[in-house]
Structure formats: structure tokens, C-alpha cells
Amino acid sequence: MSISGFLSQLLAIIVALVLAPLLMGWVNQWRAWLQNRTAPGLLQPYRMLNKLFHKESIVAETASPIFRLAPYIVFGCMVLACAIIPTLSTDLPMSPAADAIALVGLFAVARVFISLAAMDIGTAFGSLGARREMLIGFLAEPALLAILFNASLISNSTALTSIVEYLAHKEFAIYPSLAFAGIAFTMVSFAENARVPVDNPATHLELTMIHEALILEYSGRHLALIEWAVALKLFAYSCIGLALFFPWGIAEAEAPVVLIFALPALVLKLAVGGFLLALIETLSAKMRIFRVPEFLATAFLLAVIGMLVHFLLGA
Amino acid sequence: MNALIPQLINLFAAVILILAFAMLSQRRILNLIHLYTWQGLAVVGSTTVVAYVTDQHHLYYSAALTMALKVILIPWMLHRLINRLNVRWDIETLVNIPTLMIVGIALVVFAFNVALPISRFSETVAHGTLGIALACVLLSFLMMITRAKAVPQVIGFLAMENALFLAATSATYGMPMVVELGIALDVLVGILIMGVFMFQIREQFDSLDISHLEKLKED
Numbered sequence: 002m003s004i005s006g007f008l009s010q011l012l013a014i015i016v017a018l019v020l021a022p023l024l025m026g027w028v029n030q031w032r033a034w035l036q037n038r039t040a041p042g043l044l045q046p047y048r049m050l051n052k053l054f055h056k057e058s059i060v061a062e063t064a065s066p067i068f069r070l071a072p073y074i075v076f077g078c079m080v081l082a083c084a085i086i087p088t089l090s091t092d093l094p095m096s097p098a099a100d101a102i103a104l105v106g107l108f109a110v111a112r113v114f115i116s117l118a119a120m121d122i123g124t125a126f127g128s129l130g131a132r133r134e135m136l137i138g139f140l141a142e143p144a145l146l147a148i149l150f151n152a153s154l155i156s157n158s159t160a161l162t163s164i165v166e167y168l169a170h171k172e173f174a175i176y177p178s179l180a181f182a183g184i185a186f187t188m189v190s191f192a193e194n195a196r197v198p199v200d201n202p203a204t205h206l207e208l209t210m211i212h213e214a215l216i217l218e219y220s221g222r223h224l225a226l227i228e229w230a231v232a233l234k235l236f237a238y239s240c241i242g243l244a245l246f247f248p249w250g251i252a253e254a255e256a257p258v259v260l261i262f263a264l265p266a267l268v269l270k271l272a273v274g275g276f277l278l279a280l281i282e283t284l285s286a287k288m289r290i291f292r293v294p295e296f297l298a299t300a301f302l303l304a305v306i307g308m309l310v311h312f313l314l315g316a
Numbered sequence: 281m282n283a284l285i286p287q288l289i290n291l292f293a294a295v296i297l298i299l300a301f302a303m304l305s306q307r308r309i310l311n312l313i314h315l316y317t318w319q320g321l322a323v324v325g326s327t328t329v330v331a332y333v334t335d336q337h338h339l340y341y342s343a344a345l346t347m348a349l350k351v352i353l354i355p356w357m358l359h360r361l362i363n364r365l366n367v368r369w370d371i372e373t374l375v376n377i378p379t380l381m382i383v384g385i386a387l388v389v390f391a392f393n394v395a396l397p398i399s400r401f402s403e404t405v406a407h408g409t410l411g412i413a414l415a416c417v418l419l420s421f422l423m424m425i426t427r428a429k430a431v432p433q434v435i436g437f438l439a440m441e442n443a444l445f446l447a448a449t450s451a452t453y454g455m456p457m458v459v460e461l462g463i464a465l466d467v468l469v470g471i472l473i474m475g476v477f478m479f480q481i482r483e484q485f486d487s488l489d490i491s492h493l494e495k496l497k498e499d
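In order, the protein sequence lines correspond to chains W and V.
Residue numbers for the first sequence follow the working numbering, beginning at 2 and rising by one.
Residue numbers for the second sequence follow the working numbering, beginning at 281 and rising by one.
Be a bit skeptical, because a hint or two may be false.
[Unchecked claim] Residues from chain V shown here face chain W by an in silico Cβ test under 8 Å; the list is partial:
no., residue
1, Gln287
2, Ala294
3, Pro378
4, Gly411
5, Phe479
[Unchecked claim] Going by beta-carbon spacing under 7 Å, a handful of chain W positions derived as facing chain V:
no., residue
6, Ala103
7, Ala174
8, Ile175
9, Ala180
10, Val293
11, Glu295
12, Ala298
13, Leu302
14, Val310
15, Leu314
It should be emphasised that the hints constitute simulated quantities derived from the structure, not laboratory data.
Ideal Cβ placement from N, Cα and C applies to all residues, glycine included.
Let's have the full structure, built from the sequences with the hints guiding it.
Here you go:
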């Protein structure tokens, strides 16, 4: 492992950990402004994490070790996911450990454990949330895989770093299949990150909530880890989207100096992306839960059409 | 630069296909008209690019004609129509959109397979998009079959005309000007007549649901 590779890997993880709550704060701020509310400060997620880490965490009497372990597993999965997604540089020593398919697997592991923990306590809302989460998850996963395969078909590789290197540094070309994949990816990431058309992250109405119902029983540092993991997941999804569809500005292994420009480029792209996320969330209404399979089936089919179009136009 | 132009045509074709799928699953009439307008705009874009790359002047005229007709005039007429029929906020009860989508996918696969041997013999710059155009025609057919109300059926018909136009530009650089003008006029008159028909249907049955027409048969 080269020194520069090690450094860029370390930088990628630190940037993810630091920027993820900031992205969350940015999205929340824009959401509030667009809805004519007074916005919380940009640093509000950090303050909340700080507060939660200093609080005592209370665990139910009936909780098994899974309940205590789940926050750490979820957080670890999200950090690992952020480590293998090329955010700043494609020179990531950890990325050969997991390709795009394993990345989807990582998200699945996190989902399974958070659902197990929710059912572990035995409250009604926990298992209700867990069931809904698994319903959305099992529909979103094939769609996400199909989207990643779209990019893999173009670059002939499932490793995220080689996909990004191919898309960003080869001769510029328009890939119509990526237009399909882009729309499908937007739909899937709304579902996976519990954003408005599928789930409302700010809701406290028990009957409509999905993600919030899962973590009702958590408190203190456990809740802090989960909230941080949620922010990391949003960050990871944004970075996958940016890496696949707007890969410019990511540094290559041969040119580590570009890393200086990669960070401002990433922040700018995330800022625009966060604003668009808040805009879409404000403009759309939450769907009924039984509309969600339809929504995600559309995403999956769009991704499949993307692959078909690739074969038709590439042949 | 030259490699980008066929890719740009392909991109426009892909956008038209996406919009065809969006129309297939759209419940609101108002949004359907918006989608139709965007599809017309994408057709104009693709025609203009083909005209630019092949240096065929008559394609510029047909692009301008498409712009005037399918992006401005027909959407305006449709808006007026749904205002006067008072169905602006109507929502159609479409059951089982996922199944509809799967049928759509099967149609796309079929169209691509049919078009592949044809486009292999074609020398035009946009030969790859023939399959997409064919798929859009079939999807518009599907939309007309599955809709119960009159206005979405008309929009399906119009979308089919868009797709045929795309097929013509991709396979043969457009039809002769006389044919194109004729079709444009046909569509325009078709819209007018169908508008009158819709008023008649509603007067007779108090609804725009086509299934009521079955009552017309004599016992």
C-alpha cells in the first residue's frame, strides 16, 4: 500500500464522517426555508450528536445483545461503504475489498440489523417499522443493483473505482443508458434514505413513519450512532450518484495533486444536490405505503430498460 | 465532436422512450399533457440534430413544423379542451401499474429485436434509434388500450404520431415534405374532430368513459 493511497483513503473516511452531518444540516435548512419555516442552524446535526453522546443510553429490560450491537454494526457498515465509494480520489486501497455488488450487500446488512433490533424489543411500532423497512428494502435492492450494472456494462467492471475512472477520465461520451439509470437512481435513493415521497424523516406520527419507528427505542449514544449512520448513508448515496453521473473532479491514482481541487468540487456538487433534494421533497407529497412497490418497480424497470438501450445502441 | 452527435441523437431517443413510459404510468390528465409537450420538444431536438449533421434543409422545416404544432398548438388545444370539458384535475383509476410496466418492458424487448436486423442495413446516422421509435409506437398503443377515458386515449394517439415521426427521421431522414405536411394536417384535424366527439360522448353519457359506448349497440 503506497503512502499516497493510505492518505487518500484516510482522507475519504474523515471527509465522509465530517461532511455527512453537514449535508444533513444543509438539506434540513433548505427544507425549512422552502417551506417558509425558520431554519435550524447549519451545524444543528453536530450539536444533536454532541448532546446525544453525552446522554445516558437507556436499554429496555427485554433487550437482547443484538439491540446493543446493532448501532455499532450499522455505523460500521456505513463507514465502510463511504470508504469504498470514490468520493475524492479513485486511489483507494480498501476498494478492491468490495465492489458495487458488495456495496449493496453492505447496505443490506445494515438494514437487516436495524430491523432485527427494532423487532427485538417487541413493541408494536418496532415490528411495524421493521416490516415496512424490509418491504422497501427488498424492492429497492434489485433496482440499485440494476442501476450499478448499467454503469458496469459501460466500463466492463463492477469495481466502483474503475467505473469512475472510466467515466471521468476516458474521452467524454454521452451514454443514453445512464439517463435511465439516473432517473431510477434518484427514485431508489429517495426510498433508501427515507425521504419524502416514500417516508417523511421529520414525522412523529406513528402510523405513517417507517424509519423513525425503527429507532424509537434507542437513546443516548446508540441513537447518536444511528443518526450519524443515517447521515452517512445519505452522504454515501449522494456520492454514488455523483460518482456515476457527475464524475468530474475526482482525482486519479496517478495524479494525487488533483486531490486539492477534488474537495471543493465535492462540496459544491453536494451543495447543489442537497438543494435539489430539499426542493423535490418540498414539491412532492408522501405516498401511501402501498404505492411504494409501484414506485420502486418503476425504478427497477427503468434501470432494466437502460441496460436494454445500452445493448441496442451499443450493438 | 463528431462522435458526440450520434450519441446526442441516441440521448434524445432515450428521453423520448422515458417519457413514453412516464405517460404510460401517469394518472393525472394535466401531467399527461405536460409529458406530451416535453416529448414533442425532445422530437424537435432530435430532428434538429439529425438535420444539422446530415445537412438536410427540409428536416429543419419539419422540426419547425413539429415545434409549432406539437409543442405549442396541440398542447394549447388540449389545455383548452380539458378546461371546457372540466376534467382538468381528473385522475384516472389505473389498476396495476407494475403489470403494465412489465408488459411495456416485453414490448421494448420485442421492438428492439425486430428493429436490430433492419437497422443493421441502414446507413443513416441515427439507425440505432429505430428500435426505440418502434418501442414508443407500441407503448403508445398499449396506453390507448389500457385507458378508459377519452382524453388520455387521444394523447396516446398523439404520442404514437410523435414516435412515428422519430422512426421516419431515424430510418430515412424524414418523409417527403408533402407527406409530412399531410400528416401534420391530419393530426390537427383529428384533434379538432375528436374534441367534438368528446363533447358528444359526454352529452350522451355524462361521462368521458369510453366503456359506455358499448350501450350504443342495438339489441
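Against the structure, test the hints numbered earlier, and report the numbers of the ones violated in rising order.
5, 6, 10
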